[in-house]
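Take these sequences, add in the hints, and give me the full structure.
Residue strings, one per chain:
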Amino acid sequence: MSGSAVFWITQLLNALQYSMLLFLLSIGLTVIFGLLHFVNLAHGALYAMGAYIGISLALRTGSYWVALVLAPVAVTLIGVVLYLLLIRRLRHAGPLSQVLVTFGLIFVFLDVIRILWGDIALGMDPPAALRGMTSIFGVRYPTYRLFIIGMGILIMVVLLVTLARSQIGAMIRAGVENDQMAACLGINVERLFFAVFCLGCALAGLAGVVAVPVLSATPGMGTDILIPALIVVVIGGLGSLHGAILGSFIVGFMATIGAVLLPGINSVLIFAALAAILVFRPQGLIPARG
Amino acid sequence: MFRQTPIRTGAGIALIAGLAIHASRGGYFDREIVIEIAILAMLAISLDIVAGFGRMISLCHGAIFGLAAYGYGTAIVKFGLPPSTGLVIGIALAIAFGALVGAICAGTVGIFYIMATLAFGQIAYVLIFESRWLGGDDGMTGVRRMDLSLIGLNMRDSLTFALVCLAVLVLVYIAAAVVLRSSFGRTLSGIHANEARMRAVGINTRMHKTAAFAFSAALAGIAGVLKAQHTMFVSPELLFWTLSGEVLIIVILGGIGTLIGPAIGATLLVLLKHEVSHYTVYWHVVVGAVLILAVLAGGRGLFGEFEYRLARWRARRRARRGTGGAADA
Amino acid sequence: MQSIHGKVLAAVAAVTIVGGVGAAGAQTKVGVLLPYSGVFAALGQEIDDGFVFALEEAGRLDEFTLIREDTEVRPPEGLAKARKLVLQDEVDLIMGIVSSGVLAALRDFVTDSEVPLLVANAGEDSSTGENCSPYVIRVSFSNSQVNRPMGQWLYDQGYRRVYTLAPDYAAGQQMIATFRAGFEAAGGEIAGSEFTPFGRTQDYGPYITNARAAEPDAVFVFYAGSEAIAFVRQYDSFGMKEDIPLFGSGFLTSPLYVDAQGEAAIGVVASLHYVPTIDTPENNAFVEAFRARFDRTPSEYAVQGYDAGQVLMRALDAGADDRASLAREMPRVSYTGPRGPLEIDPLTNNIIQNIYVYDTVSDGAGGLTQEVLDVIERVQDEPMGCTLGQ
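The listed protein sequences derive, respectively, from chains Z, B and L. Using our numbering, the first residue of the first sequence is number 1, and each one after it goes up by one. Using our numbering, the first residue of the second sequence is number 291, and each one after it goes up by one. Using our numbering, the first residue of the third sequence is number 620, and each one after it goes up by one.
If you are wondering where the hints come from, they were derived from the structure by calculation, not from laboratory data. Keep in mind that the hints are not guaranteed to be accurate.
Selected chain Z positions facing chain L (Cβ under 7 angstroms, derived; list incomplete) [stated by the list, open to error]:
#	residue
1	THR10
2	ASP119
3	ALA128
4	MET133
5	VAL139
6	ASN188
7	GLU190
8	LEU215
9	THR256
In silico lysine to aspartate or glutamate, DMTMM-like type, Cα no more than 20 angstroms apart, as pairs [said to hold, decoys possible]:
#	chain 1	residue 1	chain 2	residue 2
10	B	LYS563	L	ASP689
11	L	LYS860	L	GLU990
12	B	LYS563	L	GLU696
13	B	LYS563	B	ASP320
14	B	LYS368	L	ASP727
15	L	LYS648	L	GLU709
16	B	LYS368	L	GLU709
17	L	LYS860	Z	ASP125
Computed Cβ-Cβ distance ranges for the label pairs, DEER-style [as the list claims (entries may be wrong)]:
#	chain 1	residue 1	chain 2	residue 2	range
18	L	GLY983	Z	LEU59	19 to 25 angstroms
19	B	LEU438	L	GLY811	20 to 26 angstroms
20	B	ILE441	L	ASP731	23 to 29 angstroms
21	B	ALA304	L	SER812	39 to 45 angstroms
Idealized CB from N, CA, C, for every residue including glycine.
Laid out in structure tokens, this is it:
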């Protein structure tokens, strides 16, 4: 295979891998907004908690796989506490209060991480089975990155099928479309909201622990990733699962291909795309409500 | 709608007097704190005009502020222009950027408005951060202060500079109050209460919102130009979105839609940050907790809560008198 | 938890020391200006520890009043705190400064107010180049100094085509420009060069793929802190290390965070002004004493703080007793410390020191250590426009 084909396949895999990380992170953000109308800026902080808790668990137990399972559970527990203490009360408080309280949470989590884990960034090895490289489409690519792609696709498929085919999926769709009507139809909307919120938190935690072996963990990682994640959900359509998928691909591919072809102005391009969407099509490319 | 009540006037006078006394009697660092408070208060007042009276929650006021500071600095350092010209350029740049963002975003509402302003602010930040001509992340040194020796002011003296900042703060407040009390301000408050209705009665709400945003940007620009003169140095993090977030915190802590509340909020936040950082390097957690509590307590902010309770107490007293009078008759 | 404990102790120490002013006779007031919060907080603490350790070891801690201020990573904040230290606390000198931006912001102020600034990290070239000042004395390094010898060194090792990567900000640009100049002067060719958006790049995959496509003999990079950790790990995960060796400015695999890079750091060759494994009596004694006191190995940042303390004490011993005499005496100090012989260049006020080319290796006990491959002695910066010597 020619050198340039290898190069482009590798770059496409890079773009796909980054898209999947963005997807795992933004899906919770968008679903929580779609159903609860809640803007959770602290979502990035939950992602960071997932990363750090994952590192500690992997160190304690010696197993990445234990961390992969338990870190999202731990993050969900944190989410439950936040839900009961803060988020439930702010459900109907309007976007300003929500943005401010979750902005405050970003500050709190930033220092909690510094106090518990220190200022120096931490790294984590991928599990032994996923180290090294694997040949795919005629190129050698890091196995762990392929695992991220696989994990992203798996979760994407599970969510799509659940949403389209299952009863709970139908309830969620009804809730996004019109929550009052859904409540009239006998759906326990509050319980549904709580379940979806927990799922969103678990996915943020999962994204954190999955990202660490590649990106490493810093106290500011939650704030760093927040802006790209918000761009993904806004471009796709706030509250829309399909939109988050599309948005992740757009941002992931723009970031990667931009780094190859247009280094320098590539981050401006992404913001410009965001601004254009917000002005001309604020409901996003695939709006949540039909 | 905005009313300049005696309570607000009193609070404003007390605040300015307190800061002026603190500056003149305190040491060098107390003056620095007063300057920081005055500049942040201007920025918070400018944000309150759009957020508290026009339902435009902007997350790009940090960028407007930073652009004005860069406009002033660039004019002096790169073009060798006198500081007075730099002042005009800085504020003009702020107005131009504010008018542009205001016009583009005027059609969006709620969370979309917040996100759109955030996006434009970040574009400005990234462009300046990556401009090697403007010094990139290292920023630009050699920014001089204005020479006001003609009117007998030595701007290099920290007390003089602090008092000038307080005087400008008073002017900014008066300008904001005058505009908000004008018919334009009343229309803006109408849009704040119900934009659809204002459109229905034939008002060009887009134009009004844009004009309000540009006016707010002008005041933020004044703050930015003073900031550049204060630090005599400009750097890109003046434009970063977290500064916009902090200013929003200040507006909320002080009392959104009260105009004087944000000035009080600026005083509180600067003092809080300063005091807490004496005891711990983890001041973020304290500021975050205070913010969360402030929103949970009703979101009226300190001054807003005070006015609210006062109004409720007066209403109750009036009601009691009213019923008492009825019994007499 | 270790670090909080250290901070609490440091805070308590600061309070007690400040409380003791006036009790002792001729106290030297030192404004310690470091990032204690923000992304460089770990570096600030390391320098602080090294500085206090030097004073402590000499048994002279009570001669000094330390007034600590947090710069975060924000130049305006640093400048405001510097003004406070000078105008309100009336310090005799300022020590510290981690980020280049803060140094650039302070340069005019300390020069105008004639307060000596002892720079214990920030490597920004122009502060000891075209914008040099008799009041800015650097005991750490300059960005150019650390990288200048590497161009020739790589060429001598047989590398002819090198690809470079660094974050897109002043320090990254300066480090790469110096390396490039040295390598091209030696006869090498730059196969390609890219700057990654600073603070907004988490995934270096696309850039690493670009580097591979350019088919260089070697890759030379500058990254520091969390970016260095992510970059070294990702470079290794792409199987690049086996095919194209990775070289860098030494901050790439600093002992401070090399453990977070793990095995990915093994074999990476970098140049730096200090590594803990320099085998001299001075350094062995220093490392042992530092370990006994802090229970960890000193990094280059700790040594910079330590040498700042040494230079200050030696200047005082030479008779300095106020701002002017400190600014005069500190550049005259020369001594042999943990990093070898040190002196301050009268032409620029930048330090003249050895640069060590080292390789990160396994220590055989599951950890990592540094193996010194080569020493380039007495590396001195060009005046780069500085007119102090004229």
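Verification of the supplied hints:
1. THR10: holds, 5 angstroms
2. ASP119: holds, 4 angstroms
3. ALA128: Violated. Min distance 12 angstroms.
4. MET133: holds, 5 angstroms
5. VAL139: violated, 10 angstroms
6. ASN188: Nearest chain L Cβ about 40 angstroms off; hint violated.
7. GLU190: Result: violated, 37 angstroms to nearest chain L Cβ.
8. LEU215: Holds, about 5 angstroms.
9. THR256: holds, 5 angstroms
10. B:LYS563 <-> L:ASP689: Given that 20 angstroms is the threshold and the Cα spacing comes to 12 angstroms, the pair holds.
11. L:LYS860 <-> L:GLU990: holds, 18 angstroms
12. B:LYS563 <-> L:GLU696: Roughly 13 angstroms separates the two Cα atoms, so the pair holds.
13. B:LYS563 <-> B:ASP320: holds, 14 angstroms
14. B:LYS368 <-> L:ASP727: holds, 17 angstroms
15. L:LYS648 <-> L:GLU709: holds, 8 angstroms
16. B:LYS368 <-> L:GLU709: violated, 33 angstroms
17. L:LYS860 <-> Z:ASP125: Between LYS860 (chain L) and ASP125 (chain Z) the Cα gap is close to 16 angstroms, so the pair holds against 20 angstroms.
18. L:GLY983 <-> Z:LEU59: 19 to 25 angstroms: holds, 21 angstroms
19. B:LEU438 <-> L:GLY811: 20 to 26 angstroms: 53 angstroms Cβ-Cβ, so the 20 to 26 angstroms window is violated.
20. B:ILE441 <-> L:ASP731: 23 to 29 angstroms: holds, 24 angstroms
21. B:ALA304 <-> L:SER812: 39 to 45 angstroms: Because 59 angstroms falls outside the window, the suggested range is violated.
Violated hints, listed in ascending order, are 3, 5, 6, 7, 16, 19, 21; each of the other numbered hints is respected by the structure.
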